[in-house]
Each structure stands twice: as structure tokens, then as C-alpha cells.
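A.B. asks: Letter by letter, the chains look like this.
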Amino acid sequence: MNRRRFLSGASTCAAIGLPGLVRAGQTFRLGLTPVFLDNDAVVIERLRSAFSDAMGDPVDLIQRRTYQEITASILDGSVDAAWICGYPYLQHRDSLALLGVPVWRGQPLYQSYLIVGADDAATELEDLRGDVHAFSDPDSNSGYLVTASDLARIGETPERFFSRSVYTYGHRNVVRAVAGGLTRSGSVDGYVWETLASVEPSLTARSRIVTRSEWLGFPPFAAHADRASDADVQRFGAALRGLESSPAGRDALQLLFLDRIQEGDATLFDGIAARMADLSGR
Amino acid sequence: MLSRIGTWPITIRVAAATAGLMILLGLAASQQVLSTLGRLQDARLREYARLHVEGLAVALGPFVLRKDVWEVYDTLDRARANASGERILFTVVADEQGRVLAATDPRRAPVDSEVGAFAEDTVSMSEVTAASGDSVVRVMAPLSVQGRVVGHVVTELDISDLVAQRRNTALALLAGNAAATLILVLAGYVVMARMLRPVELLTRHMGEIGDTPLPIPEAAIPRPDTVLARLLRNFNDMAGAIDARTEAERRLAERERFVSLGRLSSSLAHEINNPLGGLLNATDTIRTYADRPDVVRQSTDLLDRGLRHLRDVSRAILEENRVDRSGHPLSTSDFEDLRLLFEPETTRRKQRLDWKIESSTDALQCLPSAPVRQIALNLLLNASSAAPEGGAVSLSIQEEKDGLLLAVSDDGPGLSETALARLMSEALVEPGGGVGLRLVRDLVAGLGGTVGCDRSEGRTVISVRLPPGEVLPC
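Line by line, the protein sequences are chains A and B.
According to the numbering used here, the first sequence is numbered sequentially starting from 1.
According to the numbering used here, the second sequence is numbered sequentially starting from 283.
So that you can see chain A by itself, here it is in the shape it has in the complex (with noise of 0.2 Å):
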């Protein structure tokens, strides 16, 4: 266990032992990891007053720099629920309830990229050693799960195999540092390439796709299993499912690029969770 989890779990613990904390009025509040658009704030705005049409609250969308500090704000009680991504919900499965797995292109599931600059030759992971890599997060799946257990199983570390790792807290940041040329190659979410290659096609127009992993489950939508059964958190996760069903909903769905949301199940991060096993098992 390294120190980032050995973090992570303590502040877990310091969330179920303080229970009741005092919120603010009916407003709900919902955190959300940089997984894509956290550079725009009328997308953000956007979002945030469909969703509050949709559940009939007011709903705050509270930001963080990093999967650590949303995961933490979850499990302390500071957020109500947040949209997180599948390595920290299986990180923390026990205190965690699932409220909705979104669907993208029909399926609740996506890939992560390993890309390079647009002019680069490479063709596989091999062929990015001994260079600058960038990842998202470590707390990422898609940004850091997959490139590294991909290490794992060749008996390398990203520490070892490329001469430095950079971390960009954000997949769009990914883009920008290979795209940029600072680093070489970045481990990026497929979902969020394949959205910016549609709203910023100049930006991914420089980087070029390596390899894909194989499918895997989508960042889900999860509160604090403590508290999944509350009214507000149980009518805020009836909304997501049903946001196809308004048009506020929709229009968020839009902005986000998605299908609808459906009924969450643990079963969809098997892929991830095999992977954690690889990279602890190494």
C-alpha cells in the first residue's frame, strides 16, 4: 500500500467517525473529478442547472484537483455524491454505493488510450521507453491503472520505465502535455479523447492513438454507503437515471455527451479490479 492509499483509507476512517455534518439548507451537493470540460465554467454551469431541474433541488457542482481529494470529500461527508472513477469506487467498494453507471455510445463502458505526439513512430507501450510520460491522476483508471499494470505485467514500474512521469490532474491536460510536447506519450480516458476529438478537434488533431485497453467499466455516479439510503441521495440518484426523460436531463446528457444513465453494478469494474490485482500483485 503506498502512501497515497494508506492516505486515502485514513481519511475514510475519519469519515465514519464523524458522522452528521452540517449541511447547508436542501441544496445538494455533488463533486466532480476533472474527468473532462473542467476548463469550462458555462459547461459547468450548464450542467449544474440541469441538474437541479431534473432533481427539483438546488444542486452545487463542487471541483477538486485531484481523485483523491473528491474520493475523500465523499467519504467525510463534504459531498453528497460524486461522479468518480472506477479505481477509487473499487478503492473504497465498502463505504461506497453505486447510484448510476453512465451508458456512452451504448454501453456503460470505455477504454483507456495510450497516445503520442501526432508526428511520433511509435507503435506499441515498448517503444515509449526511457521517455516522458504524462499521466492524468493516480488515482485514474483510465489515466494511470491501465498504463501501469500494463507495466506490472512485464515486470516494469513507470517510475523505472519511462525517465519521468508527469502528472496533469485532468485527461484534458493529458492531451494538452503530449499535443504541447512536453512530454512523449500520456495515458489518457477514451471517452474524453473521443468528446474533445468532437468539441476540440485542433487539440487531438496532434496526438495519435498507440493502443487501446479493452473495454472497461465507465466512471460511475456513487454517494457514501452510509448514507445511500437518505431521501435526498436516493431522489438525486432516481433523477440521473431518469435525466433522459426531461429535457433539462437531456440537455445534460448532451453537454456530457451521453446516452442516459442506468442502474449501477459492481460486476462492470471486474476489468479494473483484475488490474488492481496485477499492479499489487507485481
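Don't read these hints as lab results, they were simulated from the structure.
Each hint should be verified, as a subset may be incorrect.
Claimed, not checked - SDA-like, lysine to any residue: derived pairs with alpha carbons at most 20 Å apart:
#1 B:K638 with B:D736
#2 B:K349 with A:F257
#3 B:K349 with A:R46
#4 B:K349 with A:R241
#5 B:K349 with A:D131
#6 B:K349 with A:R160
#7 B:K349 with A:S202
#8 B:K349 with A:P138
#9 B:K638 with B:A674
#10 B:K349 with A:R65
#11 B:K349 with A:Y167
#12 B:K349 with A:D230
Given the structure of chain A, go ahead and fit chain B onto it with the hints provided.
C.D. replies: This is chain B only, laid out in the frame that chain A set:
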């Protein structure tokens, strides 16, 4: 070249001087403008570079301290995207060991490479200048956090606009100064030509060196009583004075001719008086011996010879006094006349006269009669008065290859310095002292000849060389 400039009209010279001064003024003023512009530009550039680096230090300090490659890059990248204008071309940030953390263009400066390659040709912030003419200037500055240097920033600034501004200003100044100079030179020329018109007038009337100045017509003198008008009037007065003096000299020379004859008058009176006694005796003899034809014939012959001599003498005197003799060519008879007039003077003073005419009339007739007679007579009179009683005086006329040599000698004490000056130099002299020597000099000069004076073995020889004259056809 300079001597040629000296011959330019004064208006052109003044205009040229104006142009020269204007160009100097233009250069000095342009230099001032450009140096002020340069100072302002440099101050602006330094302020810009300082703000840029200070801003980077504030934004990047904590990230550089943590060596957070992404955050450094992200900050630089966003700053580049947000920057108004394109002044910042490239920025690279390194840690305190000089290893690159990030750059606006990571391909130029990859992460972990040495910043040293970019540290070449850099200047410190206080030395930033656009004066070098390069369109890019590279600045290196330390990156400090809480007074501690944690890294370095190297920034390339695009200063092509400032360089272009400086160049355009220089060109504008050049064009402006050239136009201003041209306009002022033309204006200066016109004004100067107007102001200096009286001076031009004066220059024209002064004539070349040696020419007689011509008075300026009163109508040409500017009416207002300016300094220049007074100058022109003074010039006219001076020109008048010079004319008056020339006229006086001419009259003096004219008089000198009569002085020569005056000197001869007593000798000539004797010359006429002496035969008269013999002639009167002859008439007595005829009266007394009227009946003796041989005596009458003898006396009549005597009377005839005496009267003929008197006729010759009076003719010579008349000839000498004739006012208009300019048309007559010189001939040997002129020298016979001269001898007739002059010999009594030597006889009176018991002086020996040597008279050698070694020239034919053919050779002599190339020269005019009157001036040569006057020259010879004046020189002979001077020689005779210089020679002592019972001394010797001589005249010789010789043909030479390129003209005629007339030499007069005596055994006197030689010419005084004043007399020599009158005979030889052009300097103005007071009248008197030496009979007509100045007239001799003027006449010889008028005939294009030369005068020489030589003294040897107690004799003074004055020789006059006259080229064949152009006055009369030979």
C-alpha cells in the same frame, strides 16, 4: 577643389554653407531624437521584461520549488495563450541546477535538458536594449521565492516592432531633414541673392586684379541708406579718386615732355644765336662789296648754310613739339634731329658725344617715332646732366635678333635709388628727381619693351630693348 569653391559666386557659397550647417544641425537633432527614442524604447522594454519575469516568479515560484513540471508548463502555456501581442516568443524555466522544468515550446527545450544552451547571448534585465538591431532579444533572470533563488527564466522577446519603429523614425528624420535642408537652402539662396546683390554689383565693378575700378551708376545703388549703399558710394568715391590720380599722372607725364625741351632751350638759343653773328657779318660784307660778285657769292653761300642750319634746328624743335606724331614710323632722320637738338647741350658742357646709329631705316620703321625719340632724348638729357664737365655721353642704336637695343651711357656717379625706382619699378612715386625717367618707363612699357641699368668701369649704361612693334606694319 577648395580653390575652385573660392571662385563660386558668393550667393552659392552662402547657400552651400547654409546647407552644410543645416545638415550638421539635422544630424545633431536626429541623433538626439534617436537617442531619446532609444532610451524610451529601452525603458519600456526593460519595464516589460521586468513585469513579465516578476509575474512568472509569482506564478511559478511554488511550482518551481516543488519542481512540478506540469504546473510550470500549464502556467506558461496559459500565459502564452492569454498574452496580448506577441512580444514573448519563447520562455524556458529551469530549476536551480539549470535543468529545464518546462518551456512554452517543450520541443525546443525538452524536460530535464540543460538550460545552458539557452543561456548563451542572454542579457540581464537591466541591459535589455533594442539598439542592437536584432529583432529578438534574450533575457535571463533568476527566479526567486521569498528571497531565495529557486530557478532561472530565459525569455526571448520579439522587438522587431521597436527596431522597425527606430528604423522608420530614422528614415523619416532623414527625409524630413533632407526636405527641410533643401527648402532652406533654396530660400537661403533666394534671400542671399537678394541681400548680396549690391556686393555682386561691387564685385562686377571692381573688375579683375589690375583693372581700373568702374564707378557704379547711381541708379543701381539700393535706395535705402543701408550699410551696403554707403559701401557702394564709398567705392564710387574711391574709384573717382583713382581716376583723378591716373589723370594727374598722365598730365604730369605730358608736362615732362616740355620739361625736356625747357632744359634744351638755352642750348638751342645759343645754337640759333651763334650763327646769327656770322649771318649779320655776311650781310655787311654783301653791302660793302656789292660790286664784287665773287665776294657776294661767297657771302650768299655762307648766308644760305647759316639759314639752312637755323631751319633744321627750328624744324627739329617743331618736330619735337608736335602733338600728334603717333602715326610716324621711326627713321634715321629722327636720330639726326635728336643729335641736332642735343649736341649743343654737350658742347655747352664741353662733353664728348659718341653717336652710333647701327641700324637701317628698314629695321627702325617697325617702331613709332614719337615715343622712341622721347625715350632717347630723356635718357640723353639725364646722362648729360649726370656726366661731369668735360665728361662723356654716348648713344648707340643696335639691331638685335628680336628688336632694337637703345643704350645711353655716361661717366657720371650713377643713378640714385629714387631715380632707379622711377625708371625701373611700378611703384607710385612723387613727381621730380630725374628728368622724365618715369615717362621713359611708361613709354617703354607701352611699347612692350624692357629697361636695364648697368654700371661698370665708372660708366652708367641704361639699355632699352624694344621688340618690333605691332603698332605699325613692318
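A.B. asks: Can you name, in rising order, the numbers of the hints this structure does not satisfy?
C.D. replies: When the structure is compared with the hints, numbers 2, 3, 4, 7 and 12 turn out to be violated.
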